[in-house]
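Whole structure, please, built from the sequences with the hints as guidance.
There are 8 protein chains.
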Amino acid sequence: MEGKVLVAVFMGSDSDLPVMKGAVDVLAELGIRAEVHISSAHRTPERTAELVREAEAKGVEVIIAGAGMAAHLPGVIAAFTVLPVIGVPISSGSLQGVDALYAIAQMPPGVPVATVAINGARNAGILAAQILSGRYPEIREKLRRMREKMAQGVVEKDKLLQEKGIEGFMAK
Amino acid sequence: MEGKVLVAVFMGSDSDLPVMKGAVDVLAELGIRAEVHISSAHRTPERTAELVREAEAKGVEVIIAGAGMAAHLPGVIAAFTVLPVIGVPISSGSLQGVDALYAIAQMPPGVPVATVAINGARNAGILAAQILSGRYPEIREKLRRMREKMAQGVVEKDKLLQEKGIEGFMAK
Amino acid sequence: MEGKVLVAVFMGSDSDLPVMKGAVDVLAELGIRAEVHISSAHRTPERTAELVREAEAKGVEVIIAGAGMAAHLPGVIAAFTVLPVIGVPISSGSLQGVDALYAIAQMPPGVPVATVAINGARNAGILAAQILSGRYPEIREKLRRMREKMAQGVVEKDKLLQEKGIEGFMAK
Amino acid sequence: MEGKVLVAVFMGSDSDLPVMKGAVDVLAELGIRAEVHISSAHRTPERTAELVREAEAKGVEVIIAGAGMAAHLPGVIAAFTVLPVIGVPISSGSLQGVDALYAIAQMPPGVPVATVAINGARNAGILAAQILSGRYPEIREKLRRMREKMAQGVVEKDKLLQEKGIEGFMAK
Amino acid sequence: MEGKVLVAVFMGSDSDLPVMKGAVDVLAELGIRAEVHISSAHRTPERTAELVREAEAKGVEVIIAGAGMAAHLPGVIAAFTVLPVIGVPISSGSLQGVDALYAIAQMPPGVPVATVAINGARNAGILAAQILSGRYPEIREKLRRMREKMAQGVVEKDKLLQEKGIEGFMAK
Amino acid sequence: MEGKVLVAVFMGSDSDLPVMKGAVDVLAELGIRAEVHISSAHRTPERTAELVREAEAKGVEVIIAGAGMAAHLPGVIAAFTVLPVIGVPISSGSLQGVDALYAIAQMPPGVPVATVAINGARNAGILAAQILSGRYPEIREKLRRMREKMAQGVVEKDKLLQEKGIEGFMAK
Amino acid sequence: MEGKVLVAVFMGSDSDLPVMKGAVDVLAELGIRAEVHISSAHRTPERTAELVREAEAKGVEVIIAGAGMAAHLPGVIAAFTVLPVIGVPISSGSLQGVDALYAIAQMPPGVPVATVAINGARNAGILAAQILSGRYPEIREKLRRMREKMAQGVVEKDKLLQEKGIEGFMAK
Amino acid sequence: MEGKVLVAVFMGSDSDLPVMKGAVDVLAELGIRAEVHISSAHRTPERTAELVREAEAKGVEVIIAGAGMAAHLPGVIAAFTVLPVIGVPISSGSLQGVDALYAIAQMPPGVPVATVAINGARNAGILAAQILSGRYPEIREKLRRMREKMAQGVVEKDKLLQEKGIEGFMAK
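Protein chains in written order, with my numbering: chain D, 1 to 172; chain B, 1 to 172; chain H, 1 to 172; chain W, 1 to 172; chain U, 1 to 172; chain S, 1 to 172; chain L, 1 to 172; chain V, 1 to 172.
These are calculated hints, taken from the structure and not from any lab test.
Check each hint, because a few of them may be wrong.
Cross-link-like lysine-lysine pairs, in silico, BS3-like; alpha carbons within 27 Å at most [claimed, not checked]: (1) 58/D - 164/H; (2) 159/W - 21/S; (3) 4/V - 164/S; (4) 142/L - 58/S; (5) 58/S - 149/L; (6) 159/S - 159/V; (7) 58/D - 159/V; (8) 159/B - 157/W; (9) 157/S - 21/V; (10) 142/W - 4/W; (11) 4/B - 142/H; (12) 159/B - 4/W; (13) 159/H - 4/D; (14) 164/L - 21/U; (15) 159/V - 4/B; (16) 172/S - 157/W.
Chain S is nowhere near these chain L residues, computed Cβ spacing over 12 Å in every case [what the hints assert, rightly or not]: (17) 17; (18) 33; (19) 58; (20) 61; (21) 141; (22) 162; (23) 166.
Here a beta-carbon is modelled for each residue, glycine too, at the ideal position from N, C-alpha and C.
This is the structure we're talking about:
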């Protein structure tokens, strides 16, 4: 997997970048190269299809797509590829992401999108790594270490809480 | 407008036909010719784009699209044309059409879909006729007569209710 | 269409003006003249009906109406005309526009309202232009150019992102 | 109050009659005369306004209005009168009355509608009687007796349950 | 009605006072005397029942009760009286008043609560006045004038908008 | 605990009996005596208070209350006692128990109700037993055995599934 | 109960501490000792199970667990013990606690969680005390005094309101 | 991949089998071997952990888990492995799967679950195949053929519709 771009991250608008950065960041932590594109299901439908085909041709193995409101981008991408597509519902506007959650998760039979939590871009990145780990065992190892570190973080916080008590802990 | 197909009605699956028939029927009542297509945003994305372009080329002036669940079809069609697109959220599955309503109405700025009620295919047909009536005054006249007939229907039912009373009316 | 007022924009309260301005602005960008009225379905029902009839008499071809909460204005206007009526649900109060979305979209058979996204006034303006473009081909041309410009904007942002990377892009 | 029609019950469609009958029935039990009308906010807006004005002229003191979906009828009626208007959200279509509840309860400042439960027509009738009882003390007396009878019914059922046990009670 | 307290306004907590003040204020505008009580359905159930009985004994004719979250106060009060009870759902906590709306509107058959909009205390006051106007014709007259003034306010704003245009109006 | 009634089960209407029976049945399986009452928060508020006080006086240690719609009964009971009160939201009417879930769970600070799932009467019974098991160790033992039996049931079903395969298992 | 730890309070993350402190504080007011742990259902599942077993071995009699989003912690803990488990849905992220409320309350038959209001940690503490009061009568006495004090607080506020009027009261 | 079990499908109860069968069936169509287990997050938590570890040891590469209501199973499984876990929200009880959708999708950072539509077991199977196809190119080929066949199915239905018209098509 050296140097190869394995994941493509799409979003429909640059306003989604602060959320979607979470996916790119965790992939970088895990040593996985990703390309990132702004391309809209509604404003640039053909270019989106093209970018998906190019990504597939280049060897991308997982696609992550984030979208808000009537969030069509993940489903539209899934329509153009049989690669696994992960969808990130983005909270925006009055419905605060419920609209995006429904529009991404409720895909019809035949064309799935792997949906994560609203604004859950970090988990989208981890899920992409889990998917890649079937073929790249070194990623699985890194995921295990990341999980252990997370667990240690929780255990250490609990230890600190036992030592300092609630007020002491909260004051830190 | 004689003989010309002015409206194209799309749905993603033949299971949507019993609902979407409502649009075709009211267009027929108003003397407006429509073509009807089964074509999916997710299963046949390119053919959908093609059919939209063909419809536009043929002189279709309004498009109606019905879809359930993560209802992308109306938005996907709207991405390929600047013709007015009317979306019909179809009730199906556990969320009973709320998912489809959100996925159709909550379109991002730049690419509107004119959304009607859940399962509101008849109103989609009437709305298409209202849109066409800007160019075809004979349709506006027919819409006025349809409205008057509807009003008369309500008035007559009220009259019957006054004559027969509730029990009598309900027994009829 | 020179100089003629083709669209009437209604809202029930001047507090809706900052949202509804989005419709007027996009119509102006497209060279379409619009008149704007504050008139309430509940506080001035008769005047609302009168204004609708006057608009129709003057040659207005599309009506846009925005309303929040138990948003009756678009439906009440639709009851007085067979012109196409576009409804904009406005987010206000505790339910943040879901109440308005339901109260506008869920119209009964016979009297449709073309509903756009919550606070989607810009899309209401574009939809009005799409409707008018059946009769005024120059508007269709303008809509195509607007769509192309939007697409270019997305493509340019993607290009910038490829050049600068995420941090660079976000820093700009 | 002898013989005078004190309550007017409106509904937009005869399909609402089975629900709305609950209001008429309880008013009859309480000896209160009511007139019943089918008149639609959207299909017969002017006639609805007329019927409201006639009702007010005839001495009607409370209006009950039932409606489903984008339930505008109670609010539209409230716009034409300062009489107290009671709204009954009717469950119909995919949203099962939540749309109607929001469209009736969420009225803007200045024009209230007294909203009862979804399909709560019986309670609308009782509320109308409570309102009338300010002027007609004999109605207040009847309401007290109705309340006592209801209480007795509950107490008797509890007694029966104590005697027979759950199985015995359910077998009855 | 000179000098008599005709309305009692209840709330469960002094944190509801800023919202519920809206009811008291509009009653004062209409010349209707009201008493106001903080008394909780859950913290002081017996005192609440007592205050309701005292209010009834004193000649109070309408009760308004505001409550948030699992808003039981209006229903609990309605259980102790056959006077008309108006419920105001108050937005508080994570569910922002939807919980309160359901807990107030969805009363079981036999014990209605006249529900207004979330935080709709002003409308609760107007509804109380509408109820009282059956017995006190001078209140009906005042309600009519208030309605006219509201209508004039809307008409004047529209006139100003026509004169100044949107920018001018918004700059004012 | 021999022979003593330790749990009181309340419901507002005999229509809740088929659901609430689930609580009584599981208590019987665990050898815990319960009394059952139909008594309404709205129709018989004083009697409800009385029955709660009697139950407390008799030595009842846990109260279970089931209610639908604007489900006030559990909260009203909790207002009259400091015994632990378990609330069962019952699905009834158009909102299918969401209204009851909110009206029971969202209690204000100071007066908690231990809420279980919609129609979760069996779990209410088990929770009552868990509460009692602090004082009655034999109940804790029975709960452990019940849990083990449940676990065995799952394990056995899995074993059967492994033996027969899906079709075989489903045919049984 | 002198000195013994009777309640264990769990949360999955230290970000839940400001909310969950409400439970610990009210337990302290009632003289009940509690231990507090940060331990995650997903990040440290085995340690969570271990801590639950240790708590049970040490004599803890009630467990309180708070969690946000797909709030599994209370249910996961309930799976490892037959002690009563109280769940606190914590408002976090776009769904503002509705997700947590559903994920905690809607437990399957056999493994109940006693759910309180969203962010209702104080009520979780009081409910724990109510549960303990079956075995420790001194706690019941304290709960009664706390309830009385709460009632007095309400009564005093009402008295102040009668003296000062609304403006005076709000100015204080 | 010959003969090796690559996917493990879990469900908490045999009542979920009719839905979850959809995943197993599509995996079989694609020539992918799966094992199926009934094991509950709440009733058999330790056995569930054990089965997950066994599956991982045996070489299972993707896990699918279906659950209804407070659907913890997918998240609980994800806590025990870094393999990709696909969650299927199952519609059951009053909330009809919304509770399960939230409880599965809204996982906290660090432990993702790939969520599909409510009752979307078939899509869970296809997603599992897409994930496996990174390592097993023959699966990717099969997925492409399945997608093409789906597309052909849609195209053929459209052709039939053009030939027969709506009535003819529906009569078939």
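Results of checking the hints against the structure:
1. 58/D - 164/H: Holds. Residue 58/D to residue 164/H sits at ~21 Å (cutoff 27 Å).
2. 159/W - 21/S: With Cα atoms ~17 Å apart, residue 159/W and residue 21/S stay inside 27 Å; holds.
3. 4/V - 164/S: With a Cα-Cα distance of about 20 Å, the restraint between residue 4/V and residue 164/S holds, given a limit of 27 Å.
4. 142/L - 58/S: 21 Å, holds
5. 58/S - 149/L: Holds. Residue 58/S to residue 149/L sits at ~26 Å (cutoff 27 Å).
6. 159/S - 159/V: Violated, because 48 Å separates the two Cα atoms, which is more than 27 Å.
7. 58/D - 159/V: Not OK: residue 58/D and residue 159/V at ~36 Å, beyond 27 Å, violated.
8. 159/B - 157/W: Given that 27 Å is the threshold and the Cα spacing comes to 43 Å, the pair is violated.
9. 157/S - 21/V: 16 Å, holds
10. 142/W - 4/W: 17 Å, holds
11. 4/B - 142/H: Distance of about 25 Å is within 27 Å: holds.
12. 159/B - 4/W: 21 Å, holds
13. 159/H - 4/D: With Cα atoms ~21 Å apart, residue 159/H and residue 4/D stay inside 27 Å; holds.
14. 164/L - 21/U: The hint holds at about 14 Å.
15. 159/V - 4/B: 21 Å, holds
16. 172/S - 157/W: Given that 27 Å is the threshold and the Cα spacing comes to 42 Å, the pair is violated.
17. 17: At about 18 Å from chain S, residue 17/L clears the 12 Å cut-off, so the statement holds.
18. 33: Per Cβ check, residue 33/L is outside 12 Å of chain S; nearest 15 Å; holds.
19. 58: 14 Å, holds
20. 61: Label violated. Min Cβ-Cβ 5 Å, cutoff 12 Å.
21. 141: 9 Å, violated
22. 162: Check passes; 22 Å lies beyond 12 Å.
23. 166: 21 Å, holds
Violated hints, listed in ascending order, are 6, 7, 8, 16, 20 and 21; each of the other numbered hints is respected by the structure.
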